[in-house]
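Once you've looked at the hints, dock chain B against the given chain A.
Protein chains: 2
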Amino acid sequence: MTKEKLSIVKIGGNIIDNPVALEQFLTDFYHLEGRRLLVHGGGVMASKMATQLGLETKMAQGRRITDAETLKLVTMVYAGWINKYIVASLQKIGCNAIGLSGADGNTIPSHQRSPIPVDYGYVGDPNTDKMNTEFLSKLIDMGATPVFCAITHDGNGQLLNTNADTVAYSLSSSLSKHYNTSLYYCFEKEGVLRDLNDPDSIIPSMTQAESEIYKQMGVIADGMLPKIDNSFRAMEKGVNEVIILHAKNLISKKGTILLNYRDGESKP
Amino acid sequence: MTKEKLSIVKIGGNIIDNPVALEQFLTDFYHLEGRRLLVHGGGVMASKMATQLGLETKMAQGRRITDAETLKLVTMVYAGWINKYIVASLQKIGCNAIGLSGADGNTIPSHQRSPIPVDYGYVGDPNTDKMNTEFLSKLIDMGATPVFCAITHDGNGQLLNTNADTVAYSLSSSLSKHYNTSLYYCFEKEGVLRDLNDPDSIIPSMTQAESEIYKQMGVIADGMLPKIDNSFRAMEKGVNEVIILHAKNLISKKGTILLNYRDGESKP
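These protein sequence lines are chains A and B, in that order. Residue 52 in the working numbering sits at position 52 of the first sequence, and the numbers go up by one each step. Residue 1041 in the working numbering sits at position 41 of the second sequence, and the numbers go up by one each step.
Isolated chain A, as found in the complex (with noise of 0.2 Å):
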């Protein structure tokens, strides 16, 4: 039997900070072909709400700390705010969406990240062989679009804030079972940059192994390497294709697009 097309879009939280362009981004989300889910990520509204509420911004090695506070905070700003405001703005254009955290339906079942070598808190990673794919797939198949945001739960009462593009590998990963799937990281550039500060020097298509050689070129760095490492991964699991593109081009696709395949091989 053949899968049903389903399309994992991945999108930054700020969006949401400019209603034109998330109406124009929803309307295009929808109007992808077959079934679509959609992951949000919140970063920069929550790093604008923690300073409202005077919450110092812990970091270590480059990256938040989620203590008890800040557990809280990014679970008001990413399950609460956003994922409303998204969700009530996409049944506005006619989608049937649903607001998910992965505690909901116990779809993302996570662990806590080892407080070694460095204690971030309350950090989790989720489970790809325990995700509920049956419960979100029948939601699925019933016409509603799931919208995640990036907190998670550990089956023992603990939320946990999460990674969004580690939530999108990870669904994309395992719905692969049930679905044909294809993951957009979509950014707020358009695509692989050769040169961070020349637009025009998209890389359009890569394989693992070219990959590997922008990462020692550091071509591909920072925010851009677990991307990277998630999306080949994701083929690796069945995902049919990743692209990361710009979330204004997600119609025209126009982007960088991972090849799943490896050097030397033929193409699929």
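Derived from the structure by calculation, the hints contain no laboratory data. Heads up, a few of these hints could be off.
[What the hints assert, rightly or not] Chain A stretches covered by chain B per the calculated footprint, using a threshold of three residues with CB under 8 Å from any CB of chain B:
| # | region |
| --- | --- |
| 1 | 85–95 |
| 2 | 141–151 |
| 3 | 246–254 |
[As the list claims (entries may be wrong)] In silico contact screen, one side only, chain B against chain A (beta carbon under 7 Å); selected entries:
| # | residue |
| --- | --- |
| 4 | 1076 |
| 5 | 1079 |
| 6 | 1080 |
| 7 | 1084 |
| 8 | 1089 |
| 9 | 1103 |
| 10 | 1111 |
| 11 | 1112 |
| 12 | 1114 |
| 13 | 1117 |
| 14 | 1138 |
| 15 | 1142 |
| 16 | 1236 |
| 17 | 1240 |
These figures come from a predicted structure and were not determined experimentally. Glycine included, C-beta positions come from ideal geometry on N, C-alpha and C.
Just chain B, lined up with the frame of chain A:
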């Protein structure tokens, strides 16, 4: 065909401030016979957070006015922190909870309250005849336990702050098409009291005619007024039973039972 039993339980949001009481309550809730649905408030926690953020609470005729900043705040607190904390706590005890606002799955379409005579801002009242009970009953029949916060939407992208008692009333009324429904209003007292200072003065049962007399006597006043009015309206719309009680008595069902027959009629 006999309809399946569905218990709709309304609880205040402040219960999550007491982890021991919360776990006991959720365990009792999980052991109710048949299907279940939880509705939670959160006004006390929203007020605390408003103070922390330096937001001024604006009131009109004793009720909170929901301006844009307050809407953002209550969406964060109700749909974010309280909702996900309860969902994770239910998952811990094996109950497959799914947290929802009225925007999710378009479950509770609402309309903004008229600004005349008093402009309460972004406050909504559910369109009880347009609730998406098809979607909700499919979720429930999948074995999921919906956990509702009192945020709804107008279908045009606007989130709306909604009275949690009214959400419970609207859900129980509209779900009576599909289920044999019971509505439980849990609060901090053991039931409707003849004398607020005497916990032993519980009124064990009440008809609608009796409730009118209690209103004239001032026994039913303030926050109890809409609870009682909603309760009798719910029974007119097909809800089987309504009980007003303390959260700790959910299993024993000891509290004030509202009676679904008029004085002079024989008890059904």
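Now the hints, each set against the structure:
1. By the rule of at least three residues with a Cβ nearer than 8 Å to a Cβ of chain B, the coverage given for the region 85–95 of chain A holds, with 6 such residues.
2. Closer than 8 Å: that is the beta-carbon criterion, and the region 141–151 of chain A has 3 residues meeting it against chain B, so the requirement of 3 holds.
3. With a cut-off of 8 Å between beta carbons, the region 246–254 of chain A has 0 residues touching chain B; three or more are needed, and the interface restraint is violated.
4. Among the interface hints, the one on residue 1076 of chain B holds; its C-beta lies about 4 Å from the nearest C-beta in chain A, closer than the 7 Å criterion.
5. Evaluation of the residue 1079 of chain B hint against chain A yields a held restraint, the C-beta minimum of about 4 Å falling below 7 Å.
6. For residue 1080 of chain B, the suggested interface contact is upheld, since its CB lies about 2 Å from the closest CB of chain A, less than 7 Å.
7. For residue 1084 of chain B, the interface hint holds, since its Cβ comes within 7 Å of a Cβ in chain A; the closest pair sits about 5 Å apart.
8. The criterion of a C-beta within 7 Å of any C-beta in chain A is met by residue 1089 of chain B, whose closest approach is roughly 5 Å, and the hint holds.
9. For residue 1103 of chain B, the interface hint holds, the least distance from its beta-carbon to any beta-carbon of chain A being 4 Å, beneath 7 Å.
10. Hint status for residue 1111 of chain B relative to chain A: violated, with the closest Cβ pair at about 14 Å, above 7 Å.
11. With a least beta-carbon distance of about 13 Å to chain A, the hint placing residue 1112 of chain B at the interface is violated under the 7 Å criterion.
12. About 21 Å separates the beta-carbon of residue 1114 of chain B from the nearest beta-carbon of chain A, more than 7 Å, and the hint is not met.
13. At about 27 Å, the closest approach between the beta carbon of residue 1117 of chain B and any beta carbon in chain A exceeds 7 Å, and the interface hint on this residue is violated.
14. Because the closest C-beta pair between residue 1138 of chain B and chain A is about 6 Å apart, less than 7 Å, the hint holds.
15. The criterion of a C-beta within 7 Å of any C-beta in chain A is met by residue 1142 of chain B, whose closest approach is roughly 6 Å, and the hint holds.
16. Nearest Cβ of chain A to the Cβ of residue 1236 of chain B: about 30 Å, over the 7 Å cut. The hint is violated.
17. Taking 7 Å as the C-beta cut-off, the interface hint given for residue 1240 of chain B is violated, the closest approach to chain A being about 27 Å.
Hint compliance for this structure: hints 3, 10, 11, 12, 13, 16, 17 are not met, and every other hint is.
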